[in-house]
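With chain A fixed as given, assemble chain B onto it according to the hints.
Below, each chain spelled out in residue letters.
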Amino acid sequence: MKLNSEEVNEIALESRLVLTEQELAGAVRYINNFLNMLDRFKELDLKDVEPFSFAEALECPLRDDEVIPFTNTQAILDESEHVDGSYFKVPRIMEE
Amino acid sequence: MELYELNLWMLIEGLKAGKFTPSEIFTSCKKRIDQCEENIHAFITRTDDNPQPGSNPDGIFSGIPTVLKDNLCTTGIRTTAASKILGNWKPPYDATAWKYLKDAGAVLMGKVNMDEFAMGNTCGNSAFGPTHNPNDISRVPGGSSGGSAAAVSAGYVPFSLGSDTGGSIRQPASFCGVYGLKPTYGMVSRYGLISYGSSLDQIGPFARTIRDLQLVMSVIARHDPMDSSCFREKNPDFTHHEDVSLKGKRVALVKEFQDFTLDAPISKAMNRTCSVLEAEGAVLTEVSLPVVARYAVACYYALAMSEAHTNLERYDGVRLGYTVKDAAGVKEMFEAVRSYGFGSEVKSRIIAGTCLTEPSRCDEYYVAATKVRTLIAQEFARAFGEADFILQPVTPSLPGKIGEVDEDEMKGYETDLYTLPVNLAGLPGLSFFTGYSGELPVGLQLIGPRWSDPALLDAGTVLERQLGSPRIANGGVK
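Taken in order, these protein sequences are the chains called A and B.
The first sequence stops at residue 96 when you use the working numbering, and every number in between is there.
The second sequence stops at residue 1478 when you use the working numbering, and every number in between is there.
Chain A extracted, bound-state conformation:
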């Protein structure tokens, strides 16, 4: 086993996920099976291989730098229950 339940739980918490005991057991099985599958990569010599990118990326520059106003900001704010004026308000960030 590559990762034990404590390690998987730590990763889950980094992702802001709190798992039940049953979920954690499932996640441990899943992640270890998955990492075993990825061990296949070790059969390949990847030393001189470049990471993938679409060749056309060179033909796809950023869009023209024009100001296009988005007027429907109220619709964005209306979707949140954490709004104060025209801001989003979140609970306390600093830990005690």
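FYI, nobody ran anything at the bench for these hints, they're computed from the structure.
Glycine residues also receive a C-beta, built at the ideal position from the N, C-alpha and C atoms.
One or more hints might be untrue.
With a straight-line Cα cutoff of 27 Å, these simulated DSSO-like cross-link-like pairs (lysine-lysine) come out [to be verified]:
#, chain 1, residue 1, chain 2, residue 2
1, A, Lys2, B, Lys1371
2, B, Lys1030, B, Lys1016
3, B, Lys1331, A, Lys89
4, A, Lys42, B, Lys1371
What the simulated footprint calls covered on chain B by chain A, stretch by stretch (three residues with Cβ under 8 Å from a Cβ of chain A suffice, anywhere in the stretch; the number is not a length) [as the list claims (entries may be wrong)]:
#, segment
5, 1350 to 1356
6, 1399 to 1412
Below, chain B alone, put in the same frame as chain A:
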């Protein structure tokens, strides 16, 4: 014949000739939905009680009903990605592909079911329950765009849109007996598509004829300044030609796939399609894709999960969707929202993606996968030096029963071998109908080099001419 039974091009021509009205089409489709929806459960949100008229009465799709996979943003209409975490979110903007259709006059009948965040291949991994295959309602319609495929198959609408990250258009098209195109990466704007794996995701159409796919592509395959990966210079021509030929075209089978087991109806369909191709003057050949055959599945899931974990970080309950009030702190709020809001498959993939991209493991897994992807793209580029198209299955088996669960997820992932590599290399893939095995349709897949989408659909026209078009599924109606 009822109007809902007509294909898209027939509806457009009939409207032009004044044979019927948009209102009659709408009524017929709505009646069909009312007749079957209890059996199929394709919709997450119906809008046909309050139809959204297209914005252009003179557009090519004026008065033509359609549905969208529920990961395409629609202004003011709930968009869920089949997840609890999005709650009743109503986007403040339209996905570009939908905007183009709306500008062409299309009428939205609703948003349809999918696997949560497009993660799955059954359409059963949805917070809104499973969709059923209209050809046999005890079976899955495939996924993740199962609702989009089922809606076209059952005659709800003549065409729909879905998205394909690793087969999510082609596999449900095959299972439901319709045509589905996963366009070249960059052919259709992804703006307004809820992201899963951004370097793999692509929007594409479902329809009951190839000609209908060409009509939809002629509207949605346009540059969009809001998606920098969307092509600029290319000018694809999706005009339908009846007299196209495959004479002299080299169609390859993949050498390494020959040893893999296929269900009998699928291997029969492969043989029959090869005979048709030869009779049409195509030259059957063979290409070798050893890296694809052995490493594509691992490579795909490593990249898809890594990208998914990043893309799904944005769901924290602050700006949209499900949230909690009065959390002790922001960390507690994020944990409460995400732990409740995401389903188990999504959580597993987020955890896996987080694991693979951690600094201590990144080179071993994520970076290695991006290099394997390069080898896969190079292998396809070489293969397309020797062949114009590659013919292969979409899946090794016909659709399973709803509720059947494979305890070993990795075994389930391996069944996606025929679809995932296409996304890794950014290629176009056409899922086409070949006939029926009992009540169940059997589809196969034709793949072309990047930007060959129009030629791929021309090849599809030849295959449809010889293999026949699918019928409308009975939708569980006794």
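Evaluated hints:
Between Lys2/A and Lys1371/B the CA atoms are separated by roughly 23 Å; this keeps the pair inside 27 Å, and the hint holds. Taking the CA atoms of Lys1030/B and Lys1016/B, the gap is near 21 Å; set against the 27 Å cutoff, the hint holds. Between Lys1331/B and Lys89/A, the direct Cα distance comes to roughly 14 Å. Compliance with the 27 Å bound is thereby established for this hinted pair. Restraint check: the Cα-Cα separation between Lys42/A and Lys1371/B comes to about 12 Å, which is no more than 27 Å; the hinted pair holds.
Coverage of the segment 1350 to 1356 of chain B by chain A holds [criterion: at least 3 residues with CB-CB distance below 8 Å; count 6]. Requiring three or more residues with a Cβ within less than 8 Å of a Cβ of chain A, the coverage given for the segment 1399 to 1412 of chain B holds, as 3 such residues are present.
When the structure is compared with the earlier hints, no violation turns up for any of them.
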